[in-house]
Every structure is written in structure tokens, then in C-alpha cells.
Amino acid sequence: MEFDKDFLGKLFEQAVESPRLRQNFDLRTSEADTSQRMLNALLPGTVVPIHRHEGTTETVICLCGKLDEVLYEKYLTCEGKDEYKEVQRIHLCPAQAKYGCQIPKGAWHTVEVIEPSVIFEAKDGAYKATL
1 MEFDKDFLGK LFEQAVESPR LRQNFDLRTS EADTSQRMLN ALLPGTVVPI HRHEGTTETV
61 ICLCGKLDEV LYEKYLTCEG KDEYKEVQRI HLCPAQAKYG CQIPKGAWHT VEVIEPSVIF
121 EAKDGAYKAT L
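In the numbering used here, the protein residues as written are 1 to 131.
Only true hints are included.
Computed list of lysine-lysine pairs in BS3-like fashion (alpha-carbon distance at most 30 angstroms, straight line): (1) Lys-105 - Lys-123; (2) Lys-81 - Lys-105; (3) Lys-66 - Lys-105; (4) Lys-66 - Lys-85; (5) Lys-5 - Lys-123; (6) Lys-10 - Lys-98; (7) Lys-5 - Lys-66; (8) Lys-98 - Lys-5.
None of these hints come from the bench; they were simulated from the model.
Given only the sequences and the hints, what does the whole structure look like? Please build it.
Below, the structure is given as C-alpha cells:
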């Protein structure tokens, strides 16, 4: 299988039609593969809730486009409410030779898409789709 311009174009077409403005493509070759390896086409306006992966680091490589990986610290307000403070912003853009990053295990993070992008994501543990 090749990941060429046509392949990514079809992934972008599916992302445009998705209410979430993103579309992933699972790269695992069998159900026995317990890793997560996927391509993810992301469009500006997609909302990825702030989240973390408690048991694994996450590797993100940007194949095309422009986006920011944003890392946070979580804290409690005086009212006992969870809040997040941005602590790092990692700009990814292959045209600027900024290809990827490693999100540390347990780090709260999200992504802000600046222009249509495709990323390769890898981490331990099989991907489970959420609605």
C-alpha cells in the first residue's frame, strides 16, 4: 500500500464529510496487533478534547499541513473545578522542517489544526473509536 497524494486526498474527502472534520485510517494489519498506528486527516475546526494517555507516550509525525500540538497542566480551581493551563505549544509543519514530536506519557494535550493536515500517530494500545 502506498500513501500518495491520491490516498491522502481521499482521506481528506472523508474528513470533509465527517461531522468531526477528521478521518483516521488504521494501519494495523491484524486484530492481534495491540499497537496504535494510524493516519489521521484533520481539518481546521475539528475539536479534539484535551486528553491524556496514562500508560504510553504518543508519537506524532506531520506528513502535510500545519498544526499545533498543545500540552497542558491540569489543576483544580478554588471552587474545585478542573482547569487546564497551556504549558507548551509544538508547531508542526513539514514545509518548515518541523516534522513531529513525542507527547510524554500522561501529558494532557490536544491539537489545533491551522490548515488541512495529515498526521501519523503511534502509541501502545489498540485504537478504540469514540463517538
